[in-house]
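There are 2 protein chains.
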Amino acid sequence: MLVELVTTGSELLLGEISNVDVQYLSQQLNTMGYSVIYHTTVGDNPQRMKQVLETALGRADMVITTGGLGPTQGDMTKIIGAEVMDAPLEFREDVMEGVVAWIKLRHPERDLTENQRRQAMIPKGADVLTNEAGTAPGTALYKSGKVLIHLPGPPSEMKWVFDHSVKPWLYERFGSQGYIYSSYMRIYDMGEARIEETIMDLVKNQSEPTLAMYARIGYVEIRITAKGETKEAAQNLVEPMKEKLAERLGDVIITYDDEPIAAALGRTARKKGLTVSAAESCTGGLVGSYITDIAGSSAYFLGSAGTYQDEIKAKLLGVPEKTLQTYTAVSEETAAAMAEGSRALYGSDVAVSTTGIAGPDGGTDEQPVGLVYFGVAGPKGTVVYKSVFPGDRKEVKERAATKAVYHLLQYMRERL
Amino acid sequence: MLVELVTTGSELLLGEISNVDVQYLSQQLNTMGYSVIYHTTVGDNPQRMKQVLETALGRADMVITTGGLGPTQGDMTKIIGAEVMDAPLEFREDVMEGVVAWIKLRHPERDLTENQRRQAMIPKGADVLTNEAGTAPGTALYKSGKVLIHLPGPPSEMKWVFDHSVKPWLYERFGSQGYIYSSYMRIYDMGEARIEETIMDLVKNQSEPTLAMYARIGYVEIRITAKGETKEAAQNLVEPMKEKLAERLGDVIITYDDEPIAAALGRTARKKGLTVSAAESCTGGLVGSYITDIAGSSAYFLGSAGTYQDEIKAKLLGVPEKTLQTYTAVSEETAAAMAEGSRALYGSDVAVSTTGIAGPDGGTDEQPVGLVYFGVAGPKGTVVYKSVFPGDRKEVKERAATKAVYHLLQYMRERL
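First to last, the sequence lines map onto chains B and A. Residues in the first sequence are numbered from 1 upward in steps of one, following the UniProt record's numbering. Residues in the second sequence are numbered from 1 upward in steps of one, following the UniProt record's numbering.
Read the hints as simulated data drawn from the structure, not as lab findings. Keep in mind the model is a prediction, meaning the values are calculated, not measured. Mixed in with the good hints, there may be bad ones.
Chain copies aren't distinguished; within one or between two, either way the pair holds.
Straight-line alpha carbon distances no greater than 20 Å define the calculated EDC-like cross-link-like pairs of lysine to aspartate or glutamate that follow [said to hold, decoys possible]:
1) Lys159 <-> Asp392
2) Lys159 <-> Glu208
3) Lys394 <-> Asp293
4) Lys124 <-> Glu90
5) Lys104 <-> Asp189
6) Lys204 <-> Glu114
7) Lys204 <-> Asp44
With these hints in hand, go ahead and build the complete structure from the sequences.
The following block contains the structure:
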């Protein structure tokens, strides 16, 4: 089934935001065996939007729009969709009740506004796509052999509605469309060129499954993809290649699919019955945030001590004043003392520390922006590492926090 | 001048990569006074690409494509563009010399392949757009009142060609198109519908400048945009509206343009000579990370104590065991004690705390997933707040960390 995705909103045409919706929907629909053949973006202009929807419904079997379902004047997608499909909007009391309940629960202090009624207007004959992530429900209309689906624009709402409401609706209406199966591997400590050298022959001879490689922030991702009648058939094409790669690359593959490295940390900590903690300077708390992105992390994570000043490093972590004076806060010695201090403070089995220069200011020839020291302290002693990361302040923090989790994980894997 | 951007490539339709090209070109062209009114993405299918280019040239004055200029069979954009514009491709010896020189310089070990001649085929009457970032030059054709520009697909090449070759070409052909200036405001504690009610008359009567509103994660953004002959002229149209909105909305506008709320926190802390700290449970360290996203935050930020366990809350922050037992860790009482504990631990002037249920598990009827308590402790006493956030675990953490910074800021603004 051929699909066109129509995204709306002038912030896309102005280039103010990247089109997250279109990428997510393309991934999902292709995986489900639908063929996405066009993406179109149009602004809040009724004539142009109408023409775009007419063209889309002429050349695709299914058109999915995002954006323009909110309560304000600029939100016109549903109105124009109703016109093009000749399915007038009707006020639905039951939908309004849902909108009201959602707002009352989250914002009991807010009054309802008259324009919120717009969100309960549904095209005649359409099904309502429940949205528990926001107030605007989606709608799905199947009429005269064509499908028109409207989804909310904010990515978190769009994803919720697609995953929980669109997928079952499509399956019920059209059954299985075949399956595209992809498997991913994340590598944290080997460059793209080196990986390619290692698996070059496999990349060159690829046809089914196909192999692709992407440089992400802090890691390289390898993707293996195949299409089959069923998920199992596609998976059976992918698995042998996955095994070949695992054999070839071995331990450098840290996680599979969309798992962040903190998930591998969690598995290893649980398996070995170890607790972990952190002490952060330049990352400010991001290491703790990454570790707690994993549900259930309270089983092994005790906390992270943010120490953004020399005095606090001394007071909370017991970093000797002399170490700070002799070597400065950005040094191997301070990183080691911070990790040991975190271990003592929290009573954890293993602790990691970060101290460095996130920039944009504060760099020198000896200590450039991007320089970060890491310490890992545990029952097998303390080790320190050094990196110099590229990128702006935020990217340096992200790369450093990712690397800190990596060092913590490797300590547990290799020494405990 | 109306512009349509046509991006090509199946990796976009498969959702494997985000469409960096379209965002960059939109930003650049809009700022230069061109109006980007459509984005279209199409795959490597000759019929569909032809139809897309015909439609685009029918509804826009200028069409810019990216992708499909490489040496392989799938690279067909230029061929189809030549057909649609009735400008047959001609082999250009001078262009071929450039292609050869580029390859020899970067990859002396590689042999030239026959299909690299494709890159030296230029539509009749078109200008060549030099590309020093890769082998494939761009082309620009102005014929019968329409402009068709082809750019390479890899973002680094596309950017180089746009900046160095397209901009001067456009300026020479069409002169200045004026300037588009935008100003942004961020509001953290008022819903979209309520904001619109407050400024409805301004929204309804908008023409120049225009007003738009976006729901982001944790805040609402208002954008004011105007077009003028020069940057100053555009700015002069935006400023009066900015003042009107500032008057109408007052203190709820926390930051302008792309500033995160932590920047406002930094300004207020510096102005009032206050130091701040945090104590985090459900946010895991994200509050500290947000505050340290701001360069120079070490001037007022002391650190954030990550306390992910009851015992650690008791040990580090002095939360009474009895409070934890009687009210649980997710309560007003614990939030208050955590904030007070962080203030004592770091010796800060004001401290904020977070404790809640990030999900996906651990929720009950009384304590649903998304429930977060905040405490703020300072010289004017301790206050607590409660929120219930939508979204998945990561989004709950982001919303909660943003709100924590907001409460910390408001305490300093209103009480100190």
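Hints, one by one, checked against the model:
no. : hint              : in the structure
1   : Lys159 <-> Asp392 : between (29 Å within a copy, 10 Å between copies)
2   : Lys159 <-> Glu208 : neither (29 Å within a copy, 33 Å between copies)
3   : Lys394 <-> Asp293 : both (18 Å within a copy, 6 Å between copies)
4   : Lys124 <-> Glu90  : within (6 Å within a copy, 55 Å between copies)
5   : Lys104 <-> Asp189 : between (49 Å within a copy, 16 Å between copies)
6   : Lys204 <-> Glu114 : between (60 Å within a copy, 16 Å between copies)
7   : Lys204 <-> Asp44  : between (43 Å within a copy, 14 Å between copies)
Comparing the model with each earlier hint shows a violation of hint 2 alone; every other hint is respected.
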